[in-house]
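With the sequences and hints as input, model every part of the structure.
The numbering of the sequence shown is my numbering, which starts it at 692 and goes up by one.
Simulated from the structure, these hints should not be mistaken for lab results. All C-beta atoms in this analysis are idealised placements derived from N, C-alpha and C, irrespective of residue type, glycine included. Treat the hints with caution; some may be incorrect.
Here are the simulated SDA-like cross-link-like pairs (lysine to any residue), alpha carbons at most 25 Å apart as the crow flies [stated by the list, open to error]:
1. K915 x T887
2. K700 x A711
3. K700 x K915
4. K704 x F987
Distance windows between CB atoms, simulated [stated by the list, open to error]:
5. I946 x A711: 14 to 22 Å
6. W856 x M911: 20 to 28 Å
7. A711 x L832: 22 to 30 Å
8. A744 x V830: 57 to 65 Å
9. A963 x K920: 37 to 45 Å
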Amino acid sequence: MQKLSFIAKRLIKAVFVLLAIVVLNFFLIRAAPGDPAQVMAGEAGAADEIFIAQLREQFGLDRPLHEQLLVYVGGIVTLDMGYSYRQQQPVAELIFDRLPATLLLTGTAFVVSILLGVLLGALAAARVGQWTDSLITVVALVFYATPLFWIALMAILLFSVQLGWLPGFGMESVGAGHSGFDRVLDVLQHLILPATTLGLFFMAIYARLTRASMLEVMDMDFVKTARAKGLPPGRITRLHVLRNAILPVITLAGIQAGQLVGGAVLTETVFAWPGIGRLMFDALLQRDYNLLLGVFFVSSAMVILFNLVTDIIYTLVDPRIELK
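Structure, rendered in C-alpha cells:
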C-alpha cells in the first residue's frame, strides 16, 4: 500500500515536471536560429516571400508565440504531439515506429554496462593492489576517456571491414527477407557492435564506482565482524560488501539510463541504427520543430520513469530504505 501511495505521488509530480519541460523546450527550440519555412522553401527551389508566407501559415508558424505554445501544450495534454511538416506524418507515429529500435539498443547497452561494470569493479576491489586491479583500472580509464564516435569507427573498421565478423551498419540485412528466428539472429548480429560501443563508456564508470564503493564498505565494522566470525570471503563479498556497495551504482545507473537515449544519437548515426536518436538528429538538421519537441518529450518521460523505477529497486536491494 505504501509503495502504491509513493508511486501515485511521484506520478502526479511527474505530470507537472513534464509540463514544465514541455514549455521550456518549446521556447528553447523557438530561440534557435533558422526558420523551417525558409529551409523547406529553399529545398523546393521556390524561396520567394509569397511561398514562404504560405508555408508559415500552413504550419501555424505565423501565429504569435504564445498561441503556438497553447496549441502545442493542449496537444500534449491529449497525447497529440503534432504533425511533422517535413516527414508529412504525425509525430507520435514517427517516434513510436523508431522507439522499439532505440529501446533495444539502449536496453542492451545498459544491461551490458551494468553487468560488466559491477563484475569488473568487484574483481578489482577483491584484488586491490594486484596486477588485475591495475589492468581493470587502466582499461576503464581508457574507455572513459576515449570519444564514443572513435570507438564506434574503430569497431566498424576492425570487426566489420577487416575481419568481416559482424555487420557494421543498419538493424537488419537489406533485402535478406529474413523471418522468424532467422530475423532475430540477424538483428542480434547487427546489435552487437552498437550496443557494445555504447555500453563500454558507461561500463567504465560503473567499474570505477563499484571498486571505490566496495573498498569503502570493506573497512566498515560490520564487514570486520563478519570476517571475525569466520564467514567465507566469497559470502562476505556477495552478501555484505557488494549488497551495500551497489547502492551508489544503482543511483548513477538510474540517472544515466535516460541519458543513454542522448548517447544513442551519436551511436545510431555512426551505425545507421534506425532509432529516435538518429530521428532527432535528422529533425535538428531539417528544423522540424514538432518532431524535435516530440522526441524531447518522450525522452524526458523515459528519464522520469527510470528515476521512479530506481527508487523502487532501492527498497528491493536494501529493505531498510523506506519510500515516502
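Okay, the hints, checked on the actual structure:
Under the criterion of a C-alpha separation no larger than 25 Å, the hint pairing K915 with T887 is inconsistent with the structure, at around 38 Å. With a C-alpha separation of about 17 Å, the suggested pairing of K700 with A711 holds against the 25 Å cut-off. About 40 Å separates the Cα atoms of K700 and K915, which puts this hinted pair outside 25 Å; it is violated. Between K704 and F987 the alpha-carbon distance is near 18 Å, which keeps this suggested pair within the 25 Å criterion.
Against the hinted window of 14 to 22 Å, the Cβ-Cβ separation of I946 and A711 comes to about 19 Å, which satisfies the hint. The given range of 20 to 28 Å is broken by W856 and M911, whose C-beta atoms sit roughly 45 Å from each other. A hinted range of 22 to 30 Å is violated for the C-beta pair A711 and L832, which are about 38 Å apart. Taking the beta carbon of each, A744 and V830 are about 58 Å apart, inside 57 to 65 Å as hinted.
Checking the proposed 37 to 45 Å range against A963 and K920 shows it is violated: the Cβ atoms sit about 57 Å from each other.
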